[in-house]
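Which chain is which? The protein sequence lines are X and P, in order.
Position 113, counted from 1, in the first sequence is what our numbering calls 113; the numbers after and before it change by one each time, with no gaps.
Position 166, counted from 1, in the second sequence is what our numbering calls 166; the numbers after and before it change by one each time, with no gaps.
Just so you know, the hints here were simulated from the structure itself, not pulled from any lab data.
Some hints here could point you the wrong way.
Claimed, not checked - Here are the simulated distance ranges between beta carbons:
#1 X:180 to P:237: 49 to 55 angstroms
#2 P:93 to X:231: 43 to 49 angstroms
#3 X:196 to P:234: 19 to 25 angstroms
#4 X:212 to P:68: 23 to 29 angstroms
#5 X:180 to P:189: 32 to 38 angstroms
#6 P:93 to X:196: 28 to 34 angstroms
#7 X:44 to P:184: 25 to 31 angstroms
#8 X:212 to P:70: 23 to 29 angstroms
#9 P:237 to X:231: 34 to 40 angstroms
#10 P:93 to X:225: 22 to 28 angstroms
#11 X:124 to P:225: 57 to 63 angstroms
#12 X:217 to P:89: 26 to 32 angstroms
#13 X:190 to P:234: 42 to 48 angstroms
Virtual Cβ for every residue (Gly too), placed ideally from N, Cα, C.
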Amino acid sequence: MTRIKILVYSIALLLLITPQHVFGSNSNLLFKILGNTQCVDDLDNDLDGFVDYPADGDCDSYEDDDEFTPISTPFNLSGGGGTSGARDFLVNSTRVFISGSAFPGGLIKIVKDGFFVQETIAGADGSFDIRLSDLDSGPAIFVISAEDAVGRQALPVAFTIFLTEGVITQIGSINFNAIDPTATVTKCPPFADLNDDCKVNIFDFSIAAFWWNKPLTGNFFEVEKNKLNNDGKVSIEDFSIMAFYWTG
Amino acid sequence: MHTKTHLLFILALSLLTPLYVTASVISIDAPNDAVVGKEYKVDFFVDTQGQTINAVEGLITYPTDLFDATYFVDGQSVISFWVKRPDLRTNAFVSGIIAGGFDTLIYPENPSNTKANIFSVVFTPKKVGVGEISFSEPLIIVHDGQGTHDSVTIEPILVAVREPVQSDESETSEEVSDDTESPVFVEAFIANDAHIFDGASTLVFLARDTGSGINYYEVSEDRGSFERAESPMLLKKQPTARIIQVRVFDNAGNSQLIELRPAAEPSSLSISYVLFAGGLVVAGYLLLWIRKKHQAVA
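Isolated chain P (complex conformation) (with noise of 0.2 angstroms):
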């Protein structure tokens, strides 16, 4: 009676087992060997286990006295757009949201992976040693309308760093420096809405790289100097400018160079301007008309 009792419980155990509790799982993967003054790619994923997710947020985290993180590549990652891009050189946060959400990464030719990559950062080993590279205080949130957290695992990877020896040297693949296809533009676009920069005209833009990603934009407005930008951006010269360049460069230095023309609205000076040559031309007309009328009297 007792060993039933027992396989009953375990039976009503196993029934009350929730089927759908899961975690996504951030995954970490990069080549085994790190090599003193070699790019060293490094690609974070995200396994989603069926949940369907759509912003990702945290802190890549590496011994800094081990390597320098030269570029942040998003060239392959499913994350639509960024709230914030990781600056390497002061903070390596990073937060990003998949526009319609994402459950899993369907490869038609390998049906079996379901994880995607949300984002790559290219380092540059300074010296010898060990150290963890991680994603640390990491949120991933809940597809629901919500914002509901869903709860995270990270599976970090401890790397060794060697001295270069003779066979590196024939090794000349560099993932991000042999990217030759320039950045498109998708978007950009200048608008006005009260609850950004108090209605003044924003400059809104975004380019994508498959390949190295993308590192930088620059804005130039009526033909001035470039300078560094981020989207939304309040353009210095209000209502807006005749002409704005803007110039995208992805990691390997490749640009593109998309320009704007907004559409000039009359001002009030112009309209005065044309006002005045209309009536001179009419006065002009009007004078020879006048002249003409007289000769024709004498």
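Chain X extracted, bound-state conformation (with noise of 0.2 angstroms):
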């Protein structure tokens, strides 16, 4: 009986101490600061006709801070002596590296902040490397969507993560899941796309702001009612409707 007493008690204590929340879709990313060290700058600091970690072979790993190769007479670019002058070629500029893997021929859209900002094609094998530049530090959401080579979507990642001034984020590991082969190929989101434009952006967003705490007239019943929730009203639900359908 105290042995099966233990056992429920202890199954009991386990249940209610496991944590009430997992990381969703963030859980299977890596994520790395990777400063901003010569070898990721996107320069070619030696001026040797390789650019960064892996392909200088000056640069032990992304880390490292010096894509020099040892030379008798230390380049300089600003005139004065010595290696420092290296130092002219980092520029301050916060910067996200994201790779991962998803469709090969496929093409890789990315939205930050609400915004498209640049787009790719997977390669052979469905890898992709994307690096953003000149962006601003604080919180950034990214939406990264893929699509196979026919146009199929798969379900988007997104995360938030927080860019420091002048450093370089490294965003690894976005492996999207498999494409049901049934699926058909769609291009225009079913559902606050207010302007027919197959987009939802700010310009859906403006019109929704537009007849925010307005009573709706003319053909806009039939706009929210369709495409929105349906309440015959413009309110924070419909928004959010907005915010999830959002293409950038």
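Taking the hints as your guide, dock the two standalone chains into a single complex.
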């Protein structure tokens, strides 16, 4: 009896102390601060024709802050002496490097803080690597969407990360789940696209903001009914639907 | 036997306990010390407890006899678009969305932090006293595409305001007025759509400021005077002015100007002028040709 009692209490206790939440879409992402080292700065600091790690053999890793080959006469960019001249190459740009695996030949699109910023085509092995520079420091919301070579879309990956001024942040291991092969190609969001341009962006937001807290008139009744939450008004719930289907 | 049943009941109850019952928490953070006449910045945070959310709204509440709300600061906010920025002079209601949703703010250098700033308010304490600063009538919407409400817990703060002392004089740091960076426009365009201002030319604009935050916008059409404006804005000159300037100011007074020159479509009047001028040139050449021909014959 005592053993059963201990067992039951142990299981109950274990279940009760189980964390009440787990990280969702972010749990499989790899985040890393690279700093602003010479081996990640997108520059050929030593002018040897190779840029950054791993292309430049003088770089041991991304964290290596010296892209220079030891040479007898230190290269000087600013006319002064010593290797310190090389520092002139460093830029204090806040950057983000995003990499992962999607679908061979498929489109990868990045939206930051609600605006489209860059797109690329995944390689033959599905890998992609996007580098963004001159970003503002502070919290940044990234939504990365991927489609396969025929245009079928996977569920987007979204995350919010704090960007530090002048620092390069590497976000890796963004791996998209397989797309259902029976899925159809859908180019237009099913809801919240108020101006029928197959996008949900700041203009749709502006249209909804125009009607916020106002009685609906004209054919906007139908728009609200078909594309928002069909409660006869524009309120925060409608904007939430818009944020869900946001394409940038 | 009774004990066994009792224990099995506890076990079953534990198994039924939902693991994902959470409530977003809005917490308020500020320095302990509020001093009469000195800027007092209060940060409002959201911790979603793992839930993904995409909209927040509510009312900033504070004792108006103790504080003036001076600035609304959104420079470090996760909110992407404000449906309603508060007018601190009249109504402290605030409403905004996070495009794409938000569950946790990842600080690579501090992974244990999960909460994110939704906005800050800089108050100016007016007199000595104690009062509560809170966020009332809160609504947080889950990122599910259906407008589902999340449950919300508010953690208000109690602030004690004191008289300034001599040592306060040396503390010159003022978070808002120290900002020297200008705001940056991320979007500004003119569009027409039947669902907004009956299809008239509409100006849409948005700027961001990671320092003290956006304060207000002004718009000028065809070099006229600048007037305060909010996006979306119905342009006074329809179909559109030739030059539209949008100016944004942050809370520290830094500004940025952007100029739009919509491609003017040729009006029927200007086409007439071009045809008339073209006709004159052709007629002139014709007269010259006839004159030369007459001279040659003579």
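We went through each hint and held it up to the structure:
For the pair residue 180 of chain X and residue 237 of chain P, the beta carbons lie near 51 angstroms from each other, so the given range of 49 to 55 angstroms is met. Roughly 20 angstroms separates the CB atoms of residue 93 of chain P and residue 231 of chain X, a value that falls outside the hinted 43 to 49 angstroms. One distance hint, 19 to 25 angstroms for the beta-carbon pair residue 196 of chain X and residue 234 of chain P, holds here, with the actual separation near 21 angstroms. Separated by about 27 angstroms at the C-beta atoms, residue 212 of chain X and residue 68 of chain P satisfy the suggested range of 23 to 29 angstroms.
At roughly 37 angstroms, the beta carbons of residue 180 of chain X and residue 189 of chain P sit within the given window of 32 to 38 angstroms. One distance hint, 28 to 34 angstroms for the beta-carbon pair residue 93 of chain P and residue 196 of chain X, holds here, with the actual separation near 31 angstroms. For residue 44 of chain X paired with residue 184 of chain P, a C-beta distance near 29 angstroms keeps the hint of 25 to 31 angstroms intact. In this structure the supplied range 23 to 29 angstroms holds for residue 212 of chain X paired with residue 70 of chain P, their Cβ-Cβ distance being about 26 angstroms.
As the Cβ distance of residue 237 of chain P to residue 231 of chain X is approximately 36 angstroms, the hint placing it in 34 to 40 angstroms holds. A hinted range of 22 to 28 angstroms holds for the C-beta pair residue 93 of chain P and residue 225 of chain X, which are about 26 angstroms apart. For the hinted restraint 57 to 63 angstroms between residue 124 of chain X and residue 225 of chain P, the CB-CB distance of approximately 59 angstroms keeps it satisfied. Look at residue 217 of chain X against residue 89 of chain P: about 30 angstroms separates their beta carbons, and that is inside 26 to 32 angstroms.
At roughly 30 angstroms, the beta-carbon separation of residue 190 of chain X and residue 234 of chain P lies outside the given 42 to 48 angstroms, and the hint is violated.
In summary, the structure is inconsistent with hints 2, 13 from the numbered list given earlier, while agreeing with the others.
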